Amino acid sequence: MPRKNFILALPLLLISLPLSAGEFHLDNDVIGQVRKNTSSQREIPVNEYFGMSFSQPSWHLGGETNLREFRDFERKFDEFDLYQTVIHYTPLEALQIDAGRQFVNQGFFVETLDGIQTTIAPWKYVDFVAYSGIPRSVEMGDFNKNDGLITGLSIGSRNLSRTKARIHGAWRKINIRWMDVKHNDEVFVSGNFSHQFAVSSTPMIYGFMEYNAAGKVVDVGTAGFDIYPTGKIRLNLEFNYFNTNRQSDRTTVQALYTAGRMMGGRFSSTWTLVSGWLDLIENYSYRNTEVLKNDFRNSHLADASLRFTANSIGLSITPGYYYERSFGGHLNGAKTNIHEQFTDKFYADILFDFTKYKKITNNNDNAYSVTGWTGYEVVKGLTLSGGFEYNKNTFFNKDSRGSFRVDYHFDQGS
Amino acid sequence: MRQQKYLKLLLLFTVLCFFMAGGITAKEKSKHPFDLFDHEMHTGFFESENIPCETCHADPESFEKREKINRLGCHKCHNSQEPLMPGATQECKVCHLGGKFPKPESHKAGWIAKHESYAKQNSKECTQCHSNAMFCIDCHKRRDTIQQRMHGRNFQFYHSIEARANPRKCDACHRVEYCQQCHAGRGNSKK
Chain C
143 MPRKNFILAL PLLLISLPLS AGEFHLDNDV IGQVRKNTSS QREIPVNEYF
193 GMSFSQPSWH LGGETNLREF RDFERKFDEF DLYQTVIHYT PLEALQIDAG
243 RQFVNQGFFV ETLDGIQTTI APWKYVDFVA YSGIPRSVEM GDFNKNDGLI
293 TGLSIGSRNL SRTKARIHGA WRKINIRWMD VKHNDEVFVS GNFSHQFAVS
343 STPMIYGFME YNAAGKVVDV GTAGFDIYPT GKIRLNLEFN YFNTNRQSDR
393 TTVQALYTAG RMMGGRFSST WTLVSGWLDL IENYSYRNTE VLKNDFRNSH
443 LADASLRFTA NSIGLSITPG YYYERSFGGH LNGAKTNIHE QFTDKFYADI
493 LFDFTKYKKI TNNNDNAYSV TGWTGYEVVK GLTLSGGFEY NKNTFFNKDS
543 RGSFRVDYHF DQGS
Chain W
485 MRQQKYLKLL LLFTVLCFFM AGGITAKEKS KHPFDLFDHE MHTGFFESEN
535 IPCETCHADP ESFEKREKIN RLGCHKCHNS QEPLMPGATQ ECKVCHLGGK
585 FPKPESHKAG WIAKHESYAK QNSKECTQCH SNAMFCIDCH KRRDTIQQRM
635 HGRNFQFYHS IEARANPRKC DACHRVEYCQ QCHAGRGNSK K
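Chains as they are written, first to last, in my numbering: chain C, 143 to 556; chain W, 485 to 675.
Just so you know, these hints were derived from the structure itself, not from any lab. Quantities reported herein were computed from a predicted structural model and do not represent experimental measurements. Each hint should be verified, as a subset may be incorrect.
[To be verified] In silico BS3-like links for lysine-lysine, alpha-carbon gap of 30 Å or less:
no.	chain 1	residue 1	chain 2	residue 2
1	W	Lys560	C	Lys374
2	W	Lys592	C	Lys487
3	C	Lys498	C	Lys178
Please model the complete structure; the sequences and the hints are all you need to start from.
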């Protein structure tokens, strides 16, 4: 029973109650929708997101928990996700211990981990982060199965104003009980570096490389450049190399679609055309991919949008265009996002999206989607919102949905 | 037919509401953090701790033009893990009234694509503002078929094009089992 995981969150709930000093934050968001699926069955999915955090400096203690409870009332189908329940203990200024289910992002993985992470900063300019635990994936059915083990160490610079450097090492077991360096174990090493130059346009170079020693393959190589030549122009240029270990039992989506490396680059920029009113935002990326042995294909992803902002009336309108081309097909799309903040308490959002796509499977169509939300903060911290959706696509000739949302936030302390 | 007509009217009404209400509700502008800054009081502290003017005035033009001031200079003391000035307030809302936080320059060009590089270097720097890890989990781990935070509703019809253009992007959040839920006919519809 996944619901048993709720027990993990209980200590944190209870420990928070006697807190009268320090900080305490609580969020509870309920979001639901009434819709029909492709079999014309009515669905009423309702998600409840509950979050709570506290910190009590005099105890050198803090903690947070976030969970999701899902119920489809019509189909009697439910799910429970415990995203995190973690205690942060800082007995010394130079030592922090995080224990429990937590989000770990040290070099290679973006994982929810059941384990311990320790940060030690013995010297002013260096810190060490060591972590170990069982990774948990929130995708269906994965929370309770044996999901391997990740152990890692990061050593990095700190308190250097313009330069950052960090090296990482990690060992991942896919099945905790087996030892097989090729298929079941992955050993990663990586290095990151960035430096910002002390001139007014603040150019910055950054890069990182990740090597999978078990698969003997360079997973990632990235070199990037950021520059803000004036207060109105921001530019970012990046070159990338990606590959993946194809012998691993943990198959990646990249391994499904490629037989070799991917190489490419990306250019992004934001141009302030009229200060405080109008910005042009664009992104373009190009990749050359070995899809089969010695068969290299190009792909392009591009989008551009104009962001019109009228702060005095709380209005923001962002029309945009997007284009994608790969060996899977190509598409053109247009999107417009309108946000109106009538008052600090009353908002409305509307999104129009149109996509015309052509796929190699000859599955070609136009897809339309319109989404709208409006909400009002009825009492301090409590916002009620209602929304609608209209979709027209290859699955639905017309698909209308009604949505509701109840957000509650409570803060005590700073 | 009739339902479609109502939907069109509803859409038109909503768009009209935006512009009409937008026009009549002139909002009171929140004060910029620089408007709240007491220079005399701060320089008194800085002198006692030998904090140089360049901490905020990195660009010589910033003595004349306030938009040239290094905004992150404030965060050398405020909301800092190791403040230059011990005892400086760490409370965000003292300066950022109304919960409005300006985006750092780094977040303004291709940030979604490049934030990985920054986060891998020093995730502690992210947590200075994004103090709750749920901020990351919200996009990387959360599953929700109602909200369109990561993918728009149309995405499911063309995801195969994007997955072939950059499968690495899928791997950031999904495992192959997720693809198989629909493509191998093992999942519920959720369409």
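Mind listing which of the numbered hints don't hold for this structure, in increasing order? none
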